[in-house]
Structure formats: C-alpha cells, structure tokens
Amino acid sequence: KNEVEQSPQNLTAQEGEFITINCSYSVGISALHWLQQHPGGGIVSLFMLSSGKKKHGRLIATINIQEKHSSLHITASHPRDSAVYICAVRSGGGADGLTFGKGTHLIIQP
Amino acid sequence: DAGVTQSPTHLIKTRGQHVTLRCSPISGHKSVSWYQQVLGQGPQFIFQYYEKEERGRGNFPDRFSARQFPNYSSELNVNALLLGDSALYLCASSSDRVQTQYFGPGTRLLVL
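As they're listed, the protein sequences go chains A and B.
Residue 62 in the numbering used here is what sits at position 62 of the first sequence, and the numbering runs on without skipping anything.
Residue 91 in the numbering used here is what sits at position 91 of the second sequence, and the numbering runs on without skipping anything.
Among the hints, erroneous ones may be present.
Unchecked claim - Here are the simulated distance ranges between beta carbons:
hint	chain 1	residue 1	chain 2	residue 2	range
1	B	39	A	8	16 to 24 Å
2	A	12	B	75	23 to 31 Å
3	B	12	A	110	46 to 54 Å
4	B	38	A	8	15 to 23 Å
5	B	22	A	82	26 to 34 Å
6	A	79	B	60	36 to 44 Å
7	B	2	A	105	23 to 31 Å
8	A	13	B	11	21 to 29 Å
9	B	71	A	110	44 to 52 Å
10	A	20	B	18	42 to 50 Å
11	A	107	B	28	48 to 56 Å
12	A	42	B	20	17 to 25 Å
Unchecked claim - Derived DSSO-like pairs (lysine-lysine); straight-line CA-CA distance at most 27 Å:
hint	chain 1	residue 1	chain 2	residue 2
13	A	68	A	1
14	A	68	A	53
15	A	102	A	1
16	A	102	A	55
17	A	1	B	52
18	B	30	A	1
Calculated from the structure, these hints are not laboratory results.
It should be emphasised that the depicted structure is a prediction, and the values quoted were computed from it without experimental measurement.
Built from N, CA and C at the ideal position, the CB exists for glycine as well.
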C-alpha cells in the first residue's frame, strides 16, 4: 500500500509570495494528481502527471519519479488561492483507486 | 456541460439505518469512483466502477456496496450505519479507469 506524505500540513503566507507544497510517496506509481479542495468540500483536479513538469497559469507541478517526490508551486500567490491542496497517487493499474495525502491547508493573507 | 452531480447534498441518519447516495458522472464518462473523507483527513478510496462492473475496492466493510447503472450513474449503499460513517462522500468520474478524475460536490452524511 502506498503511503503519501505531504508537507507542510499548514502554511500561512502573504499575498505575492512564492508557495511550495511537497508530496512524497513510498511505492512506484502510474500517475500523481494535485487537487484543490475549498471549504464546503468541492474538489478540483489541478494536474495529473507521470513525469516532468506541468504549468497552468500561476501553478506549476513537478515530479521526480526516481526520488518519489512531487512539488506544487504557486507563483504570485493571492488570497483566492487559500484552500486545501491534496496530493493523490495511482499505483499500477489503478484497481485500488487513488491514495490521498492528508492535504496542506494554505492561507494567503492580503 | 454539467459536471459530476451528487444527491443528496446533506443527510442525517441514525445508527443502524441504511443510506443510499447517488452520483451522475460527466456525460461520456464510463468510470465512477467513490471516496470517503472524514473531517480533517484525506479521502479514502471505497469503490471504482467501470462499464457497470466493479473494478476496484478499498478497505471498507461489507456494509458498503455500490452499483453502476447502464447510463453510468452510480449508487453507494451503506447498511447498519455507525457513528464513524459520518463523513463527506465524494464521487468522481473519468473517461476510463486511469484518466483525470472529476469530482462531484459530495454528500455530507451525519450519523447520530
């Protein structure tokens, strides 16, 4: 069973700061997802990646398969980025669904 | 185009009762997965259905069951509810078993 660890658990930063959230996993995967969850529960899929780097707007996700590690970066952070960011991995053929980290609670202060 | 929809949005039940939660996937998506998210924790995988067949099951007791209908909508059933079943139940759909999952808003279940 894959263990997914995220750090930090909580992060408070000022508007405009560069944010980094880290995710590490214990077993080889077929894909890694970064998700955003707002208060009230709705989850939005930000990225799915299996290698390299992806960018969407101010968000950048990278993954290092050899080191079993991924990072989510937010440039020029804004209060509307405040949310819980969750890392989730899919192992092998996907029959076990996604395994989730506990999430990083991000607060961006104006 | 509508996203993933779930019903009901909120539900209150008492211990021992049974509950049925419903999910409609994005049009054209054939895979539906169910997750349980207890307050303060990440979601936990319950079931995955693809083309109306169970393709994966998480570590949940037999009180939990699900099915997928010909139109690819899905139901999650929980029997003999326990206090610990109180959680947000999330449904996610994808075009196949391994592509990006799109999540519904969830059903918040409270068991008293």
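How the hints compare with the structure:
| no. | hint | verdict |
| --- | --- | --- |
| 1 | B:39 with A:8: 16 to 24 Å | 20 Å, holds |
| 2 | A:12 with B:75: 23 to 31 Å | 41 Å, violated |
| 3 | B:12 with A:110: 46 to 54 Å | 37 Å, violated |
| 4 | B:38 with A:8: 15 to 23 Å | 21 Å, holds |
| 5 | B:22 with A:82: 26 to 34 Å | 31 Å, holds |
| 6 | A:79 with B:60: 36 to 44 Å | 37 Å, holds |
| 7 | B:2 with A:105: 23 to 31 Å | 30 Å, holds |
| 8 | A:13 with B:11: 21 to 29 Å | 36 Å, violated |
| 9 | B:71 with A:110: 44 to 52 Å | 46 Å, holds |
| 10 | A:20 with B:18: 42 to 50 Å | 45 Å, holds |
| 11 | A:107 with B:28: 48 to 56 Å | 37 Å, violated |
| 12 | A:42 with B:20: 17 to 25 Å | 22 Å, holds |
| 13 | A:68 with A:1 | 14 Å, holds |
| 14 | A:68 with A:53 | 14 Å, holds |
| 15 | A:102 with A:1 | 15 Å, holds |
| 16 | A:102 with A:55 | 23 Å, holds |
| 17 | A:1 with B:52 | 26 Å, holds |
| 18 | B:30 with A:1 | 26 Å, holds |
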